[in-house]
Each structure stands twice: as structure tokens, then as C-alpha cells.
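A.B. asks: Given only the sequences and the hints, what does the whole structure look like? Please build it.
Chains as they are written, first to last, in our numbering: chain A, 1 to 260; chain B, 1 to 260.
Any given hint might turn out to be false.
Said to hold, decoys possible - Partner residues aside, some chain B positions facing chain A, computed with beta carbon under 10 angstroms:
no.: 1; residue: Tyr33
no.: 2; residue: Val38
no.: 3; residue: Val49
no.: 4; residue: Asp56
no.: 5; residue: Pro247
no.: 6; residue: Gly251
no.: 7; residue: Asn257
To be clear, the hints were calculated from the coordinates, so they are not data collected in a lab.
Here the structure is a predicted model, which means the values were calculated and not measured.
C-beta atoms are modelled at their ideal positions from N, C-alpha and C, and glycine is treated no differently.
Each chain is listed here by its residues.
Number of protein chains: 2
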Amino acid sequence: MPPPIALTIAGSDPSGGAGLQADLKTFHRFGCYGMSAVTLITAQNTQGVSRVDLLDPTVVLAQLEAVWCDLPPAAVKTGAIGSAALIEAVAGFLATRRGCPLIVDPVMISKHGHRLLPEDAVRALTEHLLPLASVVTPNWHEAGALTGGLVHNHADARRAAYALRATGAAAVLVKGGAGHDGLSADLLVDAEGELELPALRLASRATHGTGCTFAAALTAHLALGQPLREAAIRAKAFVHHAIATAPGLGGGVGPVNHWA
Amino acid sequence: MPPPIALTIAGSDPSGGAGLQADLKTFHRFGCYGMSAVTLITAQNTQGVSRVDLLDPTVVLAQLEAVWCDLPPAAVKTGAIGSAALIEAVAGFLATRRGCPLIVDPVMISKHGHRLLPEDAVRALTEHLLPLASVVTPNWHEAGALTGGLVHNHADARRAAYALRATGAAAVLVKGGAGHDGLSADLLVDAEGELELPALRLASRATHGTGCTFAAALTAHLALGQPLREAAIRAKAFVHHAIATAPGLGGGVGPVNHWA
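C.D. replies: This is how it looks when you write it as C-alpha cells:
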């Protein structure tokens with residue numbers, strides 16, 4: 001039996017902790033054959049982002065067309081896409097090729113606070129890409145930005161999750177948020193209702209690429225045929241362990257342990 | 001102990017079998033933390049290359065500068081670089097940052113026959129990059145092109161290896177070549193002399209990315225601190241096993257098994 005194929009459509013992080021590099025490492029970790037269509041090139045390390053260059057939409061489409069016809073994926077993940085034009089191109093491509101799970105990680109801002117998605121592209125995301133999503137994985141900040149509000153607490157997160165499901169996304173998983181009790185809790189809202197995914201909050205600086213890594217692990221488990229709720233629980237446990245056993249690389253917000 | 005860091009400076013293969021994707025999978029397989037600076041974007045699958053877009057040299061340099069100062073590599077590999085201007089930029093950067101092994105895989109043509117390096121860039125490679133190399137890993141065709149001749153047999157390969165060492169490269173490993181006896185033999189020429197690395201030649205169509213994967217495995221073993229000859233023997237055994245256990249993906253020249 002060949003391994004299931006997982007495709008990421010994402011930006012490049014040369015430092016290897018986030019972006020398509022983190023996705024490929026995570027797919028590999030879970031036995032999925034990884035493919036990656038590049039959308040944008042960042043220059044970054046654990047301390048900051050120094051440059052972002054978007055690729056032309058025709059370059060992204062050429063990559064997608066090349067891989068899709070020859071190596072059809074079992075699951076697809078999107079990460080940083082970078083502009084309204086790129087989002088519309090990717091969504092237009094995926095709209096005609098349904099049939100496998102689509103995990104949309106609405107990357108907007110890097111861990112260092114560098115904006116990776118201009119504000120006008122947020123509407124393109126909600127209008128064109130979210131309606132195709134099997135699951136969307138915003139953090140509190142992204143959930144707020146996508147719903148035109150702010151997410152300060154778990155009640156806000158819950159409201160945002162339902163608002164995002166109303167765009168047409170089949171499920172929404174709002175990540176994290178620091179509780180005063182030392183716990184963090186993700187909230188999954190799907191057709192069956194709600195599922196809370198609590199975890200101990202780790203006091204770690206090694207959180208570079210945790211969003212990408214979580215969504216990639218979710219994608220891998222869906223590519224392997226697991227149901228969404230089981231895939232989410234496994235992906236969360238993996239990222240927790242990956243942070244807890246981070247290799248301690250770099251002088252800033254370090255990468256997690258993708259072998260975890 | 002954190003894992004050693006391995007950096008590839010290479011093109012992107014969205015289908016995941018060659019280029020920086022194959023490098024990252026191979027680094028990961030051997031316990032090295034993988035980083036990748038992108039030089040060019042291909043659209044390709046197992047059947048052919050449909051498009052190649054070179055990045056601007058300043059984009060490549062920005063990636064290298066970002067990662068080098070924060071996450072210094074234990075070994076560096078170069079793959080497809082794509083133009084004389086890009087080669088000069090990369091070589092100029094690496095010339096001021098010696099001190100770790102540099103593996104130069106002089107990628108010129110994809111397995112489907114698609115040219116990835118214009119002829120005028122070949123001189124840039126021999127003049128600027130090869131003198132910095134700890135080891136250069138051409139196949140017969142590349143060894144010929146780099147030395148202004150043709151390599152048809154093991155005697156030609158041996159002559160080309162010595163000619164390439166004369167550029168300043170510390171070692172040259174000329175790969176493969178089909179013998180009539182069902183054997184293939186790589187030839188390593190280093191400061192100690194010659195080492196032949198014979199292997200059974202596999203009748204397999206799954207050879208997409210074998211050059212990248214071999215050089216990446218060599219890079220990983222050097223990053224882990226192994227001597228060149230031991231690293232070369234291990235890398236060759238890995239690629240042999242990776243071809244023999246290829247996952248059978250795609251309709252053309254399929255990828256190897258990077259978990260091998």
C-alpha cells in the first residue's frame with residue numbers, strides 16, 4: 001500500500017520551523033507522502049521576518065496543476081497564501097477539485113508579529129476559501145479578524161467559531177487562548193456540535209510554527225482516514241509533545257520537535 | 001543535545017520527490033534539523049517539468065542571511081541554483097562563511113531531460129562554487145558538462161573526477177553509470193586517493209530525485225560528524241534501499257522511499 005499523499009499550499013520558512021517546511025516534516029513524521037506548492041518566500045529565523053516575496057498566481061497554479069493530475073492528494077492544507085489574488089487563484093483551483101479533506105489554516109501574522117496577509121485579503125479568505133474548508137484552524141486573533149471582531153475569551157471564541165461555520169466551512173477549530181488556570185482549550189465546532197480540547201499550557205518559548213505544525217498533523221491524520229474529532233485530538237497531543245521536547249534551536253522563538 | 005542543522009540551497013519540486021523537499025525529508029530521516037533556502041520554483045510531477053521560475057538573487061541572499069546568523073548549519077548542500085547570477089550570489093555568500101562541509105550537487109537537467117541550468121552558468125559553477133566544495137557529486141552527464149567533455153565510461157569518469165578536483169573541490173564523487181555487468185559504480189576521489197563504491201544496478205523506474213536524495217543523505221551524515229568516505233558509503237546504501245522500496249507513486253518516474 002503506498003502512503004497517503006498530503007499536499008500543503010503554503011509559504012516557505014527557510015529556518016525550517018514553520019511554513020511548508022514544518023508541514024513536510026510533520027507529514028513525513030506520520031507516514032504521509034508530502035507535497036508542497038509554494039505561495040510566498042519569507043526570509044526569517046527564530047527572531048523575526050526580514051522579507052516576504054509573493055509568487056505570481058500563475059506560478060502557484062502551475063504547481064497545483066502539475067501535482068494534482070499525477071499525484072492526487074488524500075488531504076490538502078493551506079497555510080500563508082499572502083494576497084487576495086493568490087487566495088482567489090487557489091480557491092478557484094480547489095473549487096473544481098473537491099473530494100478530499102481541505103484544512104484551511106488562516107495564517108495572518110507570524111509568531112514575531114509580522115503581518116503575512118493584508119487586510120483586503122481577509123475578505124477573499126472568508127468569501128472564497130472558507131466555504132470549501134473541511135475545517136478551519138484559526139487562533140484567537142485570526143478568529144477575531146475573520147469575523148470582524150476581537151476574541152478575548154472563550155465566549156468570544158465560541159461565537160467566532162459559529163460565525164465562521166456560517167461561511168460554509170464544515171468545521172471550525174479555534175485554537176488556544178490562555179486561561180488563568182494554566183490550561184489552554186481549543187474549541188471544535190462541527191456538524192455534531194462542540195468538542196473542547198483542553199491541555200496544560202506550556203511555559204515555552206519554542207512555539208515557532210506551532211500553528212502550521214498542528215494543522216499539518218491534522219491534515220496527516222485526515223489523509224490517513226481518521227475522523228475529524230480523532231484527528232484533532234491526536235494532532236493536539238502531538239503538538240503538545242513537540243513543544244515540550246523542542247530541540248532548543250535559535251536565539252528567539254524556537255522550532256518544535258517535529259520527530260515528537 | 002540538539003540535532004545538527006543541515007541547510008539545503010535548492011529548487012522547489014512541488015511533487016515532493018526531488019529538490020528541497022527531498023532534501024528536507026532525507027535530513028529528517030537521519031535526525032538532522034532541516035532548513036532550506038529556495039533558489040527557483042519548478043512546476044513538475046513524475047512525468048515532466050512544466051515551468052521553472054528563478055527567484056531574484058536578493059531573495060536568496062535574504063533567506064541565507066536570516067538563517068545563518070541564528071541557526072548556523074553543521075553542513076550545507078547546494079542543488080539546482082539556476083543561473084550564473086544566482087550561483088555567483090550563493091558562492092559569494094558561502095565564500096565568507098567557511099567552516100562546515102559544503103556538498104555541491106551540480107544539478108543541470110531533471111530526470112525527464114528538462115534543463116535546469118543554462119550553459120553560461122556552468123562556468124560560474126566551476127569558477128565560483130566548486131572551489132568552495134568539500135565534495136561535488138556529479139553524475140556522468142554533469143561530470144562531462146563541467147569538464148567540457150563527455151563521460152561515456154569509467155575511464156572518462158575518472159579523468160573528469162581529477163579535472164574537477166583541480167578546480168579546488170576537496171573531493172569529487174562521480175555517480176553511477178551503467179555497466180554491462182548489471183553493476184553500477186560511483187567513484188570517490190579525495191585527498192587520500194580513490195574509492196570505488198559498487199552497487200547492484202536496480203531496474204526501477206522510481207528514480208525521481210535520486211541525485212538530490214543521495215547528496216542530501218551525504219550532507220546529513222557529514223552534519224552528524226562522519227568522515228566523508230563513511231558518509232558516502234552510508235548515503236549510497238540508503239539511496240539503493242530507497243529505490244528498492246519506492247512507494248509506487250505517480251504515472252512516470254516515481255519518487256523513492258525517503259523513510260528507507
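A.B. asks: Next item in the hint list is Val38/B. Is there a CB on chain A closer than 10 angstroms to its CB?
C.D. replies: 5 angstroms, holds
A.B. asks: Have a go at the Pro247/B hint: is there a Cβ in chain A nearer than 10 angstroms to its own Cβ?
C.D. replies: Since the shortest Cβ distance to chain A is 4 angstroms, the answer is holds.
A.B. asks: Hint check: is the beta carbon of Tyr33/B less than 10 angstroms from a beta carbon of chain A?
C.D. replies: Holds. Min distance 6 angstroms.
A.B. asks: Min Cβ distance, Gly251/B to chain A: is it shorter than 10 angstroms?
C.D. replies: 6 angstroms, holds
A.B. asks: With chain A as the partner, please determine if Asp56/B meets the hint condition of a C-beta pair closer than 10 angstroms.
C.D. replies: Holds, because the Cβ-Cβ distance from Asp56/B to chain A comes to roughly 8 angstroms (cut-off 10 angstroms).
A.B. asks: Take the shortest C-beta to C-beta distance between Val49/B and chain A; is it under 10 angstroms?
C.D. replies: 8 angstroms, holds
A.B. asks: Would the stated hint for Asn257/B survive a check requiring a Cβ distance to chain A of less than 10 angstroms?
C.D. replies: 9 angstroms, holds
Violated hints are absent here; each numbered hint is respected by the structure.
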